[in-house]
Amino acid sequence: MKGLKKLVENSKNVIFGIAAAPGIEIGDAFLYTKEILNINANHTDEPEVAIEHLHEALQQSKKELSKIFDFAKSKMGETRSAIFEAQLMILDDPVLISNIESRIKKEKRFPEFIVNDEISKYQQLMIMSSESYLKERAMDIEDIKNRIIRNLQKKRWASKIVHDVLVVTDNLTPADALLFTKSNVKGYVTDRGGLTSHAAIIARSLDLPAVVGTHNGTELIKTGDKLIIDGFHGIVFVNPEPAQLEYFEDKIRRLALIDDELKELKDEPAITTDGREIKLLANVDVTGEIDMVVTNGAKGIGLFRTEQVIEELGEFPDEEMQTKIYSSLATRIYPDIVTIRAFDIGGDKVKQLHIKEANPFLGLRGIRFLLENLDLFKTQVRSILKASVNKNVYFMIPMVSTLAEIIKTKELILECSNELKAEGIPFDPDMKFGIMVEVPAAAVMAKEYGRPVDFFSIGTNDLIQFLIAVDRGNDFVSDLYQEFHPAVLKTISHIVKEGKQSGVEVSICGEMAADSLAVPLLVGMGLDSLSVSPSAIPSIKRTIRSISYKSSIRLVDECMAMDSIPQIIAKIEKFFKEHNIQRTRNIL
Amino acid sequence: MIETTIKIVNKAGLHTRPAATIVKIASKYKSQFYISKDGLKIDGKSIIGVMTLAAELGSELFLSFNGPDEHEMANEVLDFFNRGFDEQ
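Listed in order, the protein sequences are those of chains B and F.
Sequential numbering of the first sequence, starting at 1, is according to the working numbering.
Sequential numbering of the second sequence, starting at 1, is according to the working numbering.
It should be emphasised that the hints constitute simulated quantities derived from the structure, not laboratory data.
None of the hints are false.
DSS-like cross-link-like pairs, simulated, lysine-lysine; straight-line CA separation at most 30 Å:
{"id": "1", "chain 1": "F", "residue 1": "Lys37", "chain 2": "B", "residue 2": "Lys135"}
{"id": "2", "chain 1": "F", "residue 1": "Lys28", "chain 2": "B", "residue 2": "Lys105"}
{"id": "3", "chain 1": "F", "residue 1": "Lys24", "chain 2": "B", "residue 2": "Lys67"}
{"id": "4", "chain 1": "B", "residue 1": "Lys106", "chain 2": "F", "residue 2": "Lys41"}
{"id": "5", "chain 1": "B", "residue 1": "Lys421", "chain 2": "B", "residue 2": "Lys408"}
{"id": "6", "chain 1": "F", "residue 1": "Lys41", "chain 2": "B", "residue 2": "Lys121"}
{"id": "7", "chain 1": "F", "residue 1": "Lys41", "chain 2": "B", "residue 2": "Lys108"}
{"id": "8", "chain 1": "B", "residue 1": "Lys408", "chain 2": "B", "residue 2": "Lys73"}
{"id": "9", "chain 1": "B", "residue 1": "Lys6", "chain 2": "B", "residue 2": "Lys577"}
{"id": "10", "chain 1": "B", "residue 1": "Lys73", "chain 2": "F", "residue 2": "Lys28"}
{"id": "11", "chain 1": "B", "residue 1": "Lys266", "chain 2": "B", "residue 2": "Lys299"}
Selected chain F positions facing chain B (in silico; Cβ < 8 Å):
{"id": "12", "residue": "Lys45"}
{"id": "13", "residue": "Gly49"}
{"id": "14", "residue": "Met51"}
{"id": "15", "residue": "Glu56"}
Backbone N, C-alpha and C define an ideal beta-carbon position, used for all residues, glycine too.
Using the sequences plus the hints, can you model the full thing?
Structure (structure tokens):
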């Protein structure tokens, strides 16, 4: 740590941000700009390939828009959704498309340049008109133009990342992050976002270092710059000096040694020194992570986020596709369990449904959305039931705020079960059903909501946001997002206690569970299982194995009597020292 | 070749929904179909073109149809205009 301080103090090539995902990586920067559409006017030697790309981008845009159009029709009626139909027709416009094609052939320029130029011509005509509605129409056209260009650029980016890179970007959507999981990305630096932004979550789940919230990283870093990302301390070095390189290369070697030590814990149980075993589960975003779940020694999957399937496929999967995905997941993890969460669509999760809500985080999302779209929900429930045939599937629903939502979902499960029975399709009639406790109302009502369900999974990310009324992605206020806020501790403790009274198993699947400082508190509160990113499992297991249940209960009592966050954190840090527990970040 | 002038009788003018319907009707036929207004001539089978026309209530458009099925095409298109885009 002392060495690091010196390296930072004497250097001008340092950028500070939030340490969002641990790890150190040295590599080349790749600047990913997307907020402002940068039209590349370069020439291409292969107009035929460019035209192919154009058609792929048009196809992809059509796929996206058809979904939006269907959704708009069902929500707003045929007449008011005409704009989406018109946009769809533009993608097939014979005059427009053939003009674009022939210009690509003749001018041999990137399709995005030609698309932009051609469509802008029409917009110019509209803007010049004296009719105000035509000026607005120019904006509608802007939307479809940008969609095509975005899809063209995605193709270009995906094919551009051929060697290992560290991605530097303004902000990362889940769709971008998924695009990158298929490429050679070794780490992230973002201007915006906090600890629980998508860039951070995806980076942690893929075990890649990330520094977020740097404010001006994209201004200071150019593509091709050499970077060191220190995801433990939230520091980025641009074009490092030899001393800095040497220091971090040494760190990487030492880190590898620690990793090896942790991996040795793989087959050991997550058990306290006085014999209380905690079920340590993994949160899985992308199906490729399962290998990591197994090698890191989790006892199953505590959270499979199904909305990521939509992101990966770019569309709502049908029943057959879903059954295939969930079944293969359940089979691969057997005899351990997999907890499948219903589509958590809305909020900032899936942007393809363009409903305008003033406040989407408090809007039509999670179970609210699903109960409004019963056909879609039913497809998912049937698929999950089918995957439950080996009795190792748990099913849960997100964003529950009323008892009615629980009852309606249970009725739907029953309806689907009866159908499957009639169709002679096997499934687990006792499949465990639970809810995410992430809305304060559900936390308060834990005892009542616990009665009709088998388990709770506390989603700390949303719960803390709602409890403290702070947007975790907004770096103006993200400082206020505090896991160790006394109100957070009281609420979690309340959920566990009341839930247990109703006989439910209580698990926690938010980022908080992956913070080793929080582990003794969570153990002491009586949680049955913790579900964390696969990469965090070894270090959490080590923490659990070095504490006793009894002393953890004492620690909870002491912390719950305190009213300030720094006091609580100091108390826990002292606990770590007394128990001689190593934390990876302190070793470095 | 059929050429004719037609007046917009729909209160809201040639907005997005009728524009889409006109293109859909035109696309069913083999003949060419052009719409002209204020010196701007656009292909009636191009949605983005039709959307570019500023055609409010009372404005006049010049239409031309040319091809093997020009009569059927003109009938259906003109009928749609005369019905006030089915929105009266």
